[in-house]
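There are 2 protein chains.
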Amino acid sequence: MKIQERELRRDRLDGRWVIFAPERGRRPYEFHPADRVAPSSVGACPFCPGHEGRTPPEIFALRAGHSRADGPGWRVRVVPNKFGALGAGRTFRRRTSGLIEFGAGTGVHEVIIDTPEHRREWPDLPITQVRDVLAVWRSRLAALETDAAVRFIQLFKNKGREAGASLSHAHTQVIGMPVVPADVARETARAGQERRKTGACPYCRWIASEKALGKRLVAFDSHFIAFAPFASRFPYETRLFPTRHSAAFSGTRDEELASLAKIIRTVLAALRRVACDPPYNIVLRQASVAVRKGDARSAHWSLEILPILTHIAGFELGTGMYINHVFPEQAAEDLRK
Amino acid sequence: MKIQERELRRDRLDGRWVIFAPERGRRPYEFHPADRVAPSSVGACPFCPGHEGRTPPEIFALRAGHSRADGPGWRVRVVPNKFGALGAGRTFRRRTSGLIEFGAGTGVHEVIIDTPEHRREWPDLPITQVRDVLAVWRSRLAALETDAAVRFIQLFKNKGREAGASLSHAHTQVIGMPVVPADVARETARAGQERRKTGACPYCRWIASEKALGKRLVAFDSHFIAFAPFASRFPYETRLFPTRHSAAFSGTRDEELASLAKIIRTVLAALRRVACDPPYNIVLRQASVAVRKGDARSAHWSLEILPILTHIAGFELGTGMYINHVFPEQAAEDLRK
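Residue numbers (this note's numbering), protein chains in the order written: chain A, 1 to 337; chain B, 1 to 337.
What the hints contain is simulated information worked out from the structure, not anything from laboratory work.
Since no wrong hints were added, every one of them can be taken at face value.
One side only, chain B facing chain A, incomplete, derived with CB under 7 Å:
no.	residue
1	Asp-11
2	Arg-12
3	Arg-16
4	Ala-21
5	Arg-27
6	Gly-87
7	Ile-100
8	Glu-101
9	Gly-103
10	Gln-154
11	Phe-156
12	Ser-166
13	Thr-319
Note that the Cβ used here is the ideal one computed from N, Cα and C, for glycine as well.
One chain only, chain A, in its complex shape (with noise of 0.2 Å):
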């Protein structure tokens, strides 16, 4: 195959330069990889029934009818990070001396434990049970957007070691937060500047372009599109959106929560054929609570799903930038086969 020429690129909407240097892929590489596999026993994870005491109570679960909370029968259990980010108990002042600027380190940290199964992953977990997670996640969402003190929710996934997971068992997690980070402010920034030039939410314009274009699609059904950003950070990096204008994952509708479960096990099982079962992350993008719920004309959610297959280094830290030495189009055309 021709190897293609270097390109730089970005979208004005994240302002973020992004390096394509496809001969990258072939420069040597002289340590082990990593150890992805994580052969942990069930006996000491914390994540698995029976062990619910070695969590923090439960926030919330979906369980059999008859049975107890912080006991053994659910399907989806929520609890607090044992050693979360954030925590609550105080108040966030924002206070600023000189340069610098800082408050308590109040907010929220849960974790989502998406299946009772050690071993399973989402590809291989029912479509009910992806659907069920989802569902679980739209609540969790929904709940802390409820909280005053909360002004930006982030939600993630850290699948494998490589990816920034500390445990193996297949779990969710939601940082509520009482600022909204500056990256975030950036890009809303933008957006609405767009929606103001064109009379149109800047995200459906991009769906609407990449759906008529089409060598960049992954997969999409009546409500879902997945397709390789033109500037991806990462090599089979996906961006999954909802065709319909919404502004957070909690309006999803319940119709939507299956196929959206179908369309991100079809990615991750594509992804895992592609890239040799690679870490990633799945990462929730979505404007801050006061936007979503203020002029929501330019917020648009969506997720990332980041294979995790180089390590960032000293230049994406000095820059802020990435280089990908696979091409958007040609992971597309990967992970459709």
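With chain A fixed as given, assemble chain B onto it according to the hints.
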């Protein structure tokens, strides 16, 4: 030791919030530690003396008087990156189409081989050798600044697999690119605002304030200061500034180079002791070439030394924020010991 309360912090120049959550350092970790040592043989290494033919022809070298280009006898050697992220031979023209921007991947990607010795890391090198490497950094940065196609230069060092290195033989990389990273442009704008408000370089003020405060200091002498930044992204992160207002590394004076070599070695040796010889990145932070050649009153270069003890995960990829479990005041105390 009492665990400190969680805190949110940011410095207003880069604008990125960091969550400090010391308790996260205690969470269970199921995976095996990474194999940090890459016991590669000299035989396979393209950076070892005698293997000069395995790299593209050298751009520059410090070498013994009688030795010849692309043969042994060098102390520091600079070659084009054989698998460069950017390359020469085309012209960058930025093109916009709807929400996307792109252009040819033009630029420069060089590798500086820090030492002929395959297994020597910076803390093991003589001070004179480290000073020689820094002198080569200076000369390559100065050379790239004269290239009209180069708008921004990123110099960085990846040490260890988890820090993104693909080869273990000590080396530094320099990428000259035709665009300015969004994060850098944002910081430049903020630094300019601060200068106009106070009349002084905000970095000079920052240095003075850390020196006066003392509790985050790691090391200093008459030319440089190293401290653990208030909003450190990583455990045991160190930031190293010239105390003289200086916009670009290329302007470093001869007498400053030896001092810089000493202070970097001091920090790296402390890091090796405190964090068990971790993988790390060294990242040069400075403004774009145009800013540094124009109004450089609020441009002030620095180096970041970033130990990689945890993986970047879904939270960081979604928000651009970081979670750090070691407060910089503690990090500085440990590193000073």
